[in-house]
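Protein chains: 4
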Amino acid sequence: MFREGPKEACGVIGIFGHPDAARLTYLGLYALQHRGQESAGITVSDGKKISSHKGMGLVADVFSGNTLDKLKGDRGIGHVRYSTTGSSNIKNAQPFMVEYSRGKIAVGHNGNLVNTRKLRDELEAHGAIFQTTMDSELIVHLIANARKKKLEDNVVYALSQLKGAYSLVLITEDQVIVARDPNGFRPLCLGKLNGAYVVASETCAFDLIQAKYVRDIEPGEILFIKKDGLKSVTPFKSVKHSFCIFEYIYFARPDSNIFGSNVYLTRRRLGEELAKEAPVKADMVIPVPDSGNYAGLGYAHASGLPFEMGIVRNHYIGRTFIQPSQYIRDFGVKIKLNPVRELIKGKRIVLVEDSIVRGTTSRTRVRTLRDMGAKEVHMCVSCPPHIFPCYYGIDFPTTEELIASSKSVEKIADFIGLDSLQYLSVEGMLKSMPISRKEFCTACFTRNCPVVPDDGGTDKNVFERD
Amino acid sequence: MFREGPKEACGVIGIFGHPDAARLTYLGLYALQHRGQESAGITVSDGKKISSHKGMGLVADVFSGNTLDKLKGDRGIGHVRYSTTGSSNIKNAQPFMVEYSRGKIAVGHNGNLVNTRKLRDELEAHGAIFQTTMDSELIVHLIANARKKKLEDNVVYALSQLKGAYSLVLITEDQVIVARDPNGFRPLCLGKLNGAYVVASETCAFDLIQAKYVRDIEPGEILFIKKDGLKSVTPFKSVKHSFCIFEYIYFARPDSNIFGSNVYLTRRRLGEELAKEAPVKADMVIPVPDSGNYAGLGYAHASGLPFEMGIVRNHYIGRTFIQPSQYIRDFGVKIKLNPVRELIKGKRIVLVEDSIVRGTTSRTRVRTLRDMGAKEVHMCVSCPPHIFPCYYGIDFPTTEELIASSKSVEKIADFIGLDSLQYLSVEGMLKSMPISRKEFCTACFTRNCPVVPDDGGTDKNVFERD
Amino acid sequence: MFREGPKEACGVIGIFGHPDAARLTYLGLYALQHRGQESAGITVSDGKKISSHKGMGLVADVFSGNTLDKLKGDRGIGHVRYSTTGSSNIKNAQPFMVEYSRGKIAVGHNGNLVNTRKLRDELEAHGAIFQTTMDSELIVHLIANARKKKLEDNVVYALSQLKGAYSLVLITEDQVIVARDPNGFRPLCLGKLNGAYVVASETCAFDLIQAKYVRDIEPGEILFIKKDGLKSVTPFKSVKHSFCIFEYIYFARPDSNIFGSNVYLTRRRLGEELAKEAPVKADMVIPVPDSGNYAGLGYAHASGLPFEMGIVRNHYIGRTFIQPSQYIRDFGVKIKLNPVRELIKGKRIVLVEDSIVRGTTSRTRVRTLRDMGAKEVHMCVSCPPHIFPCYYGIDFPTTEELIASSKSVEKIADFIGLDSLQYLSVEGMLKSMPISRKEFCTACFTRNCPVVPDDGGTDKNVFERD
Amino acid sequence: MFREGPKEACGVIGIFGHPDAARLTYLGLYALQHRGQESAGITVSDGKKISSHKGMGLVADVFSGNTLDKLKGDRGIGHVRYSTTGSSNIKNAQPFMVEYSRGKIAVGHNGNLVNTRKLRDELEAHGAIFQTTMDSELIVHLIANARKKKLEDNVVYALSQLKGAYSLVLITEDQVIVARDPNGFRPLCLGKLNGAYVVASETCAFDLIQAKYVRDIEPGEILFIKKDGLKSVTPFKSVKHSFCIFEYIYFARPDSNIFGSNVYLTRRRLGEELAKEAPVKADMVIPVPDSGNYAGLGYAHASGLPFEMGIVRNHYIGRTFIQPSQYIRDFGVKIKLNPVRELIKGKRIVLVEDSIVRGTTSRTRVRTLRDMGAKEVHMCVSCPPHIFPCYYGIDFPTTEELIASSKSVEKIADFIGLDSLQYLSVEGMLKSMPISRKEFCTACFTRNCPVVPDDGGTDKNVFERD
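Protein chains in written order, with the working numbering: chain B, 1 to 466; chain D, 1 to 466; chain F, 1 to 466; chain L, 1 to 466.
It should be emphasised that the hints constitute simulated quantities derived from the structure, not laboratory data.
Just so you know, these numbers come straight off a predicted model, no measurement behind them.
Some clues are possibly wrong.
The list treats identical chains as interchangeable, and a pair is accepted whether it falls inside one copy or across any two copies.
[What the hints assert, rightly or not] Here are the computed lysine-lysine pairs in the BS3-like style, where the Cα-Cα straight-line distance is at most 30 Å:
#  : residue 1 : residue 2
1  : Lys104    : Lys407
2  : Lys431    : Lys49
3  : Lys192    : Lys336
4  : Lys276    : Lys70
5  : Lys148    : Lys345
6  : Lys276    : Lys345
7  : Lys91     : Lys49
8  : Lys231    : Lys438
9  : Lys104    : Lys150
10 : Lys407    : Lys281
11 : Lys227    : Lys411
12 : Lys150    : Lys118
13 : Lys375    : Lys192
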């Protein structure tokens with residue numbers, strides 16, 4: 001009856017030592033909204049009393065001035081969550097808070113664990129009860145069961161049991177704890193705002209609250225932030241890093257720095273590299289907005305072709321279309337983007353995109369371009385073909401649904417209706433990265449999984465959900 | 001930081017073996033709505049899959065046709081809950097469902113335990129985490145921790161740990177379990193609807209779904225209802241019964257049978273007895289609607305005074321006034337009831353009421369009667385003075401707030417502004433009961449507590465809440 | 001395309017000269033909520049600026065403390081409305097406010113006009129446009145088109161065009177105007193609260209705000225209330241009065257005085273008269289709550305049979321069941337009322353009701369009584385059979401739907417499943433009235449229409465609706 | 001008490017002859033959502049019966065599948081509305097429907113009339129009543145009062161009374177009527193979809209529903225579309241055209257054609273011209289997204305400077321920030337856009353924007369750029385300074401609030417905190433237009449008003465509002 005939890009794309013934030021912790025956490029979540037739009041939550045503490053508020057929907061809908069005023073304290077954590085499963089439920093909103101022998105503790109998690117089944121079975125065998133299928137609940141159970149004298153030791157023990165990806169923020173009555181898994185799958189940054197410590201999934205959250213970036217939380221590092229300061233421990237065996245390369249390509253905001261470097265500049269370089277690998281004879285470069293914008297700029301620059309923002313985005317699409325339903329998504333394609341007929345009529349176009357997942361959305365777009373008179377449509381993708389799902393927290397469809405897992409590039413071009421289709425090579429992708437190629441997890445392009453799931457990682461087990 | 005949970009007044013229902021279990025549970029909750037208006041929930045199973053829906057508010061607001069259609073199965077349990085604390089929260093809605101080593105289990109609870117603190121400390125010391133302060137969560141923890149081979153034995157073990165009041169319904173994938181504490185504080189009835197088994201807090205639920213009353217669940221009895229039939233066990237040492245006498249006086253619906261006998265007829269007898277003990281020279285008997293209606297009828301009949309429904313109830317008071325706030329409650333007094341001026345002008349009135357708690361509401365009412373020209377206002381109450389709070393699930397105010405705990409009858413009459421005030425005696429109350437006087441808990445009138453709380457039962461501990 | 005507007009049952013209130021006019025109007029509407037639950041509205045003026053708020057639903061849902069705070073002024077009018085048609089629409093909420101040559105004017109109307117078609121045709125022929133089908137809009141058009149020098153004269157002119165029933169409150173920037181049609185179909189009372197003038201459909205509104213009843217607005221009277229005092233005019237030819245007798249029987253609140261006398265005492269007398277006309281050999285009298293309560297008391301008293309409140313009302317039926325849908329209504333019958341099985345088993349019952357409209361609800365109730373073991377069920381109705389719809393503002397079904405319009409009393413008894421059925425005679429009804437029998441409209445029992453509708457009053461025209 | 005109605009920016013659509021008129025109107029409104037986000041409405045007819053639905057909020061929020069299913073018919077009109085005044089009220093949503101002597105008529109209006117006061121006074125003097133301050137209500141009054149034999153003549157008469165801007169869609173039971181004022185202030189296009197006629201404010205609506213653009217509605221043209229075809233009349237004296245030049249610069253969608261030519265290409269040309277007039281020594285061109293995107297591309301191309309999308313837009317800003325409050329707007333500036341620090345650090349930037357109204361938003365943006373390390377910030381605006389409000393339907397602030405009405409370019413640069421500020425000249429703007437410079441209204445830049453308001457056009461009168 002129990003299945004591996006839903007893959008989640010999430011964002012986390014934490015702060016310690018600022019009188020308006022709740023409002024800063026709120027603003028930070030605003031900046032991280034792209035990492036999860038399903039639910040949002042904030043838990044704060046004034047050193048003695050923990051208060052929490054969470055709800056379904058966007059940060060702006062979940063919190064009001066009144067709600068924030070009630071969240072009193074100088075330390076707090078926040079979380080935004082996205083799930084593609086039907087289980088949109090307030091129960092699954094985070095931070096996840098419980099009471100146990102030491103008092104209260106709340107946790108916000110970004111990433112995905114790959115040995116939850118085993119850990120959960122063990123806990124249940126000892127009498128544990130579970131109210132959700134979230135990794136967060138499992139983590140708290142492990143902390144409560146560690147039963148060492150010091151909270152620090154319990155946290156270290158609990159994390160030592162975990163396999164997979166986690167960028168974590170925890171809060172108790174008196175401290176904020178921050179942790180990143182030894183592989184470092186997901187980003188996590190440390191900043192300062194006047195005297196206060198801040199952590200966030202991406203630096204764009206620091207920009208909004210005017211905090212200063214200090215450094216990344218190291219893979220395998222745990223921070224205990226208390227009144228008497230920040231204590232860093234790195235209790236786990238060091239392993240090869242596995243930074244998620246797809247955060248650079250697609251997921252993170254372009255104005256963020258992650259893994260120590262800027263996303264916008266990296267995406268532009270991917271486009272430049274793509275122009276070298278995949279030259280096309282055409283009249284103009286048009287990015288798919290906004291995902292292809294930055295690679296498009298790089299492609300145009302490197303190729304010398306004019307850059308045109310020839311597909312216009314409708315900014316007023318309303319709430320309905322944010323819902324994760326297949327029907328709506330297709331309808332959304334037509335409503336969200338419209339090409340500029342006068343610009344493209346009779347023209348040869350290079351369409352730059354950052355990825356192709358199912359191919360259906362691209363097919364609709366290309367058809368629209370042709371209907372409006374485009375003479376040729378060539379597509380250039382700023383990463384290699386996606387052939388494998390992600391075990392570590394990016395919510396891809398199953399292997400079967402990934403068009404590149406079963407179709408050749410030519411077949412995909414046919415399916416989408418292109419004059420030509422070219423992907424960036426794995427080599428080209430790695431070459432464009434701002435840091436050493438050895439740091440990355442590229443499993444979705446290469447099937448090289450840095451951490452093998454307990455269940456062998458067959459597709460089925462990974463993606464069966466409650 | 002942990003405190004004894006809020007006292008709750010609740011209603012439960014269970015059904016096994018009917019194709020439309022959800023809809024019948026829904027209707028049953030409708031009939032039990034007077035036992036709790038804060039939240040409502042239903043959990044059903046089709047033998048393999050458990051589904052649940054719960055929400056804040058009245059049964060009619062929480063469930064729609066759509067919601068009920070999604071609750072598929074031939075067995076189910078339901079719960080309505082009321083809490084006077086500020087913690088109106090969806091987290092506290094029941095049935096409370098978890099997953100543990102044997103699968104899923106959900107529980108709905110009416111009553112109040114008096115040794116939760118101790119049990120919770122023990123569980124937390126062994127690594128348990130708690131997400132709520134509800135007794136239900138504690139009970140599930142105990143079942144999950146029993147770790148005997150058979151579910152039945154786990155349930156028996158868990159219940160054997162409990163002290164206090166519980167009328168319980170539980171559901172797992174394949175069975176419905178029903179239990180009543182050995183004292184039998186709260187009512188719980190067994191019925192049949194065609195081939196299906198039904199249990200409910202009161203028989204009024206049976207009337208609505210046209211089920212036939214069979215018998216009460218016995219104090220200390222546990223029912224395990226499965227595909228192959230109903231199994232009854234009575235594993236606990238038999239103790240003196242402690243049926244809540246206040247259910248007869250005030251809490252249950254008059255059209256219900258509880259503890260084997262009818263409520264309406266009992267209340268009428270209380271009024272008749274009251275007329276004998278407390279005769280008044282007056283022109284008419286007016287009940288406070290609707291609480292005093294049935295004792296009022298008895299009083300009028302036994303005294304020979306004319307019965308008049310001289311205080312009119314406004315049925316359209318809307319949602320706002322259901323909220324448990326002191327400000328609104330006072331406002332509500334004036335809006336809810338209005339006397340008939342032409343009827344009472346210049347008249348001597350016997351006002352019959354079923355209880356006085358704080359006295360403030362009565363005071364407002366009596367003042368209105370006088371403003372409208374009543375010549376004399378005498379009040380007769382169909383039970384003895386309330387001098388002690390309830391540890392077993394009725395939500396009275398603290399001892400300090402109970403007017404009779406500190407004031408003499410004369411002082412209360414003065415406070416309310418009466419020409420005379422008379423309460424029914426303990427003896428008269430017990431004499432009016434349809435069953436042996438030995439069966440009852442009368443702690444709120446006599447301070448004789450059948451089960452002493454672990455913390456000694458000081459007022460303070462009982463009523464401190466989260 | 002245009003049809004006669006929906007029949008409405010409504011309540012109105014007006015106040016002049018109190019600093020908290022909005023809040024008093026609000027409380028008054030609360031007391032009048034039984035006259036209309038679909039929408040509520042308040043319009044106030046501070047002498048210069050008019051403000052308005054209205055909404056769908058109960059008074060308590062439409063207004064909050066904030067809304068009331070924004071309605072500044074010392075004079076105001078209020079309205080509650082009920083319509084059985086599907087056109088539940090905010091457009092139809094009142095007071096209905098417009099701007100015209102003299103400034104702003106708003107109107108709240110209780111009653112129904114019978115020459116709207118003709119008036120509307122004339123106005124449209126002169127270029128008028130209509131946004132609703134409400135009588136209120138028509139009345140305002142007439143005022144705006146009168147084009148006499150003084151507002152008073154315009155109002156008199158406009159009302160002189162109307163045929164049918166109206167109890168009206170109007171407000172302009174500087175005055176409140178109150179009017180009642182010459183027949184006086186609907187009640188309308190004048191009161192004082194300290195120095196302020198108050199008018200309301202029923203005196204129960206005065207009780208709640210502690211105003212003192214002064215007198216009724218006379219049929220054909222118009223009050224102009226301004227800073228310099230109240231001016232009463234009676235410009236219309238005096239006609240025979242036609243007070244709605246059904247207000248006494250059913251519609252008004254028992255604690256109200258209307259047409260100068262109390263409703264409760266009148267209903268009790270109807271029951272006493274009924275006992276004389278329709279004696280039954282039985283064990284007890286049970287009223288259908290709450291409609292049959294007062295006639296039931298009278299019946300029991302006059303007959304010497306014991307009075308029992310043997311059908312219990314569920315007070316927590318929630319919002320859903322207030323909706324005017326046939327499906328819900330039937331479901332509601334079963335949920336709203338439950339007999340006390342122990343009381344009625346084997347007994348002969350006189351069921352007292354204030355009216356039978358379609359007969360379907362009564363049938364369900366009687367069936368339930370029999371299912372629970374009642375030996376005999378006799379029904380006594382405290383008015384004559386309803387054989388004709390109402391043109392003047394009570395929302396009955398069409399003639400075809402009125403069971404008594406086509407079925408004999410015996411056939412109705414058969415349909416409902418009674419041992420016997422007896423109605424009060426027209427003579428008995430009139431005899432029970434507190435004022436002269438000549439004052440009443442009894443059209444729904446006798447077909448004697450005091451004011452003949454323009455369209456001849458065929459059923460069809462009256463009840464065809466948008 | 002009456003004031004000129006609120007200035008509105010709106011969008012209209014109409015369709016005749018398609019079985020799914022409601023759904024196409026809905027999609028068309030989606031495409032026109034940028035023209036109004038406050039309310040949306042659709043009115044359809046099946047030739048006999050008119051149905052309507054409107055509500056506050058975005059098109060996606062106002063309409064559901066159910067609502068659309070109920071709007072049956074093969075012809076319809078739709079409207080989106082935006083108002084900056086506080087009077088966000090459902091009463092002001094359009095289409096505005098009434099019933100008058102000929103039956104029902106509904107109207108949707110884009111533009112602003114300048115002689116409403118006079119027309120309204122005349123109508124009120126003849127007994128008219130008004131429920132809103134919308135131009136639409138006035139227009140319907142005029143049609144209803146024309147009292148000629150044929151509807152066509154009434155419409156012509158009514159429009160002949162109007163001064164100012166109107167692009168209108170009207171619907172009666174059997175026809176759709178479309179009109180554009182003789183100056184042609186606002187755009188209005190005619191298209192065909194299979195056999196059906198479609199009209200819309202902009203061609204982007206045609207793209208979404210796959211209709212084919214045919215031609216613009218001519219200034220002064222009225223279309224009567226009935227079952228037997230489309231009839232065009234041009235009854236008014238021809239006047240010099242006054243196409244709103246700001247529609248090209250700012251208001252229309254870039255993928256639309258208006259006034260016969262494409263918006264995107266025009267904006268790019270404005271940028272090219274700007275680069276010629278206002279060369280800057282800099283490292284990169286960054287547009288303010290999305291308003292400056294197209295002029296930015298043109299500027300970059302003509303200047304040879306690299307184009308960078310260096311300010312990133314947060315797409316998930318939620319509902320709160322759509323509200324038109326000053327407080328929220330400022331907060332929104334910081335949340336909506338974030339520069340890419342790594343890109344701009346130490347760089348000289350040309351910031352391209354399409355207009356400056358108050359200057360406060362720009363100031364916040366420039367400050368953020370400097371905080372992030374930009375070495376120089378130069379701003380180039382793709383139109384001349386705004387010195388005058390608009391009488392014809394664009395909602396600018398009052399003259400006092402327009403920064404350029406009182407400050408020199410140098411002072412504005414100081415206020416915003418720029419190294420340099422350059423506006424495009426009137427000559428340059430007109431030169432960039434795709435059609436003859438004589439066709440345009442440039443009043444907001446030049447104070448040359450093509451149609452003088454009745455009240456003399458003082459600022460005060462124009463912008464005083466209810």
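For each hint, the structure was consulted:
1. In this assembly of identical chains, Lys104 and Lys407 lie within 30 Å of each other by CA distance neither inside one copy nor across copies; the values are 51 Å within and 41 Å between.
2. Taking the closest pair of Cα atoms, Lys431 and Lys49 never come within 30 Å of each other, the shortest separation being 50 Å inside a single copy and 51 Å across copies.
3. When the C-alpha separation of Lys192 and Lys336 is checked against a cutoff of 30 Å, the pair qualifies only between copies, where the shortest distance is 23 Å, while the shortest distance within a copy is 38 Å.
4. Proximity of Lys276 and Lys70 under a CA criterion of 30 Å is satisfied in neither setting, with 55 Å inside one chain copy and 55 Å between copies.
5. Neither within a single protomer nor between protomers do Lys148 and Lys345 lie at most 30 Å apart by alpha-carbon distance, with minima of 71 Å and 49 Å respectively.
6. In the homo-oligomer, the alpha carbons of Lys276 and Lys345 lie at most 30 Å apart both inside one protomer (27 Å) and across protomers (27 Å), since each shortest distance falls under that limit.
7. In this assembly of identical chains, the alpha carbons of Lys91 and Lys49 lie at most 30 Å apart whether taken from the same copy (22 Å) or from different copies (19 Å).
8. For a Cα distance limit of 30 Å, the shortest separation of Lys231 from Lys438 inside one copy, 29 Å, qualifies, whereas the shortest one across copies, 64 Å, does not.
9. With identical chains, the CA atoms of Lys104 and Lys150 are at most 30 Å apart within one copy only, with a shortest distance of 15 Å there and 33 Å across copies.
10. For the identical chains of this complex, Lys407 and Lys281 are intra-copy neighbours only, at 25 Å inside a copy versus 50 Å across copies, given an alpha-carbon limit of 30 Å.
11. Within a single copy, Lys227 and Lys411 get their C-alpha atoms no closer than 60 Å, and across copies no closer than 48 Å, so neither meets the 30 Å cut-off.
12. Taking the closest pair of Cα atoms, Lys150 and Lys118 come within 30 Å of each other both inside a single copy (26 Å) and across two copies (23 Å).
13. For the homomeric pair Lys375 and Lys192, the shortest alpha-carbon distance between copies (24 Å) is at most 30 Å, but the shortest distance inside one copy (53 Å) is not.
Violated hints, in rising order: 1, 2, 4, 5, 11; the structure is consistent with all others.
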